[in-house]
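K.L.:
Spelled out from the first residue to the last, the chains are:
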Amino acid sequence: NAGVTQTPKFRVLKTGQSMTLLCAQDMNHEYMYWYRQDPGMGLRLIHYSVGEGTTAKGEVPDGYNVSRLKKQNFLLGLESAAPSQTSVYFCASSDRLSGNTIYFGEGSWLTVV
Amino acid sequence: RKEVEQDPGPFNVPEGATVAFNCTYSNSASQSFFWYRQDCRKEPKLLMSVYSSGNEDGRFTAQLNRASQYISLLIRDSKLSDSATYLCVVRVLNTGGFKTIFGAGTRLFVKA
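Sequence order for the protein chains is P and Z.
The numbering of the first sequence is this note's numbering, which starts it at 1 and goes up by one.
The numbering of the second sequence is this note's numbering, which starts it at 1001 and goes up by one.
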């Protein structure tokens, strides 16, 4: 059972470049999330989705866009990467917004130079 | 003030030791509480939920003190494999639905 899969795992970008992080889950979860994790700051919610075709802003949405065209996929886009976006990005899913367990992907290490 | 605060550690303990972590939260409307474990360069995974009456899962005991707004995790008979970062997680019900807040984590190193 793959769970939550995200790609790529590692990427180096130049300032101003764009890229998309891909996330797929095979657990038929309604809710999906994108977090970033920085030293000393914990996981911070970027955007989330409560179902196919819907997205909402989280705590730190600026500089990111998302799309949920299919229930199993949640894409995170950086239109013009900045060094401040250097971070570890985790995609996650849960069966409902109040669900006890949030399942995370393995993470994507992004460096913007 | 952070909504969920944890001592970042690191806690360095020998095998077999008992170690305890505390976590404080600021929102009295917090509904649910959890501990997640995160290994180095890995994703967080649910360790255990925290119930009002306290709960135990093998060597791990979690407790909640709503009056003082803190939760704790006790690990008995520490193993080398317990070395990880432990994340305190609080779920708050607000007008927009539930909001999940992660603490920055407490690092534990268990040494032989």
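Any given hint could turn out to be false.
In silico EDC-like cross-links for lysine to aspartate or glutamate, where the CA-CA straight-line distance does not exceed 20 Å [stated by the list, open to error]:
#1 Z:K1079 with Z:D1057
#2 P:K9 with P:D95
#3 Z:K1042 with P:E106
#4 P:K57 with P:E30
#5 Z:K1045 with P:D62
#6 Z:K1111 with Z:D1039
#7 P:K57 with P:E79
#8 P:K71 with P:E52
#9 Z:K1002 with P:D38
#10 P:K14 with P:E79
#11 Z:K1099 with P:E30
#12 P:K9 with P:D38
#13 Z:K1099 with P:E59
#14 Z:K1042 with P:E79
#15 Z:K1099 with Z:E1003
#16 Z:K1111 with Z:E1015
#17 Z:K1099 with P:D26
#18 P:K70 with P:D26
#19 P:K71 with P:E30
#20 Z:K1042 with Z:E1003
#21 Z:K1045 with P:D26
#22 P:K9 with Z:D1039
#23 Z:K1099 with Z:E1005
#24 Z:K1045 with P:E79
#25 P:K9 with P:D26
#26 P:K14 with P:D62
#27 Z:K1045 with P:D95
#28 P:K70 with P:D38
#29 P:K57 with Z:D1057
#30 Z:K1042 with Z:D1077
#31 Z:K1099 with Z:D1082
#32 Z:K1111 with Z:D1077
#33 Z:K1045 with P:E52
#34 Z:K1002 with P:E59
#35 Z:K1045 with Z:E1005
#36 Z:K1099 with P:D95
#37 P:K71 with P:D38
#38 P:K9 with Z:E1043
No lab work stands behind these hints, which were simulated from the structure alone.
K.L.:
Now tell me, hint by hint, if it's right for this structure.
P.N.:
Evaluation of the provided hints:
1. Z:K1079 with Z:D1057: holds (15 Å)
2. P:K9 with P:D95: violated (24 Å)
3. Z:K1042 with P:E106: Given that 20 Å is the threshold and the Cα spacing comes to 6 Å, the pair holds.
4. P:K57 with P:E30: holds (16 Å)
5. Z:K1045 with P:D62: Status violated; Cα separation ~27 Å.
6. Z:K1111 with Z:D1039: holds (16 Å)
7. P:K57 with P:E79: holds (16 Å)
8. P:K71 with P:E52: holds (5 Å)
9. Z:K1002 with P:D38: holds (15 Å)
10. P:K14 with P:E79: holds (12 Å)
11. Z:K1099 with P:E30: holds (16 Å)
12. P:K9 with P:D38: holds (16 Å)
13. Z:K1099 with P:E59: Distance of about 10 Å is within 20 Å: holds.
14. Z:K1042 with P:E79: violated (26 Å)
15. Z:K1099 with Z:E1003: Cα-Cα ~11 Å, so holds.
16. Z:K1111 with Z:E1015: holds (6 Å)
17. Z:K1099 with P:D26: Violated. K1099 (chain Z) to D26 (chain P) sits at ~24 Å, over the 20 Å cutoff.
18. P:K70 with P:D26: Holds. K70 (chain P) to D26 (chain P) sits at ~12 Å (cutoff 20 Å).
19. P:K71 with P:E30: Holds. K71 (chain P) to E30 (chain P) sits at ~7 Å (cutoff 20 Å).
20. Z:K1042 with Z:E1003: violated (24 Å)
21. Z:K1045 with P:D26: Status holds; Cα separation ~17 Å.
22. P:K9 with Z:D1039: Answer holds: K9 (chain P) to D1039 (chain Z) is near 16 Å, not above 20 Å.
23. Z:K1099 with Z:E1005: Roughly 16 Å between the alpha carbons, so the hint for K1099 (chain Z) and E1005 (chain Z) holds.
24. Z:K1045 with P:E79: violated (30 Å)
25. P:K9 with P:D26: Satisfied, since the Cα-Cα distance of roughly 18 Å is no more than 20 Å.
26. P:K14 with P:D62: holds (18 Å)
27. Z:K1045 with P:D95: Holds, because 15 Å separates the two Cα atoms, which is no more than 20 Å.
28. P:K70 with P:D38: Given pair K70 (chain P), D38 (chain P) is violated - Cα atoms ~29 Å apart, limit 20 Å.
29. P:K57 with Z:D1057: violated (36 Å)
30. Z:K1042 with Z:D1077: Violated: K1042 (chain Z) and D1077 (chain Z) sit about 24 Å apart, past 20 Å.
31. Z:K1099 with Z:D1082: violated (28 Å)
32. Z:K1111 with Z:D1077: With Cα atoms ~12 Å apart, K1111 (chain Z) and D1077 (chain Z) stay inside 20 Å; holds.
33. Z:K1045 with P:E52: violated (25 Å)
34. Z:K1002 with P:E59: Holds, because 13 Å separates the two Cα atoms, which is no more than 20 Å.
35. Z:K1045 with Z:E1005: holds (19 Å)
36. Z:K1099 with P:D95: Measuring from Cα to Cα gives roughly 15 Å; hence the hint holds.
37. P:K71 with P:D38: Not OK: K71 (chain P) and D38 (chain P) at ~28 Å, beyond 20 Å, violated.
38. P:K9 with Z:E1043: holds (12 Å)
Hint compliance for this structure: hints 2, 5, 14, 17, 20, 24, 28, 29, 30, 31, 33 and 37 are broken, all remaining hints hold.
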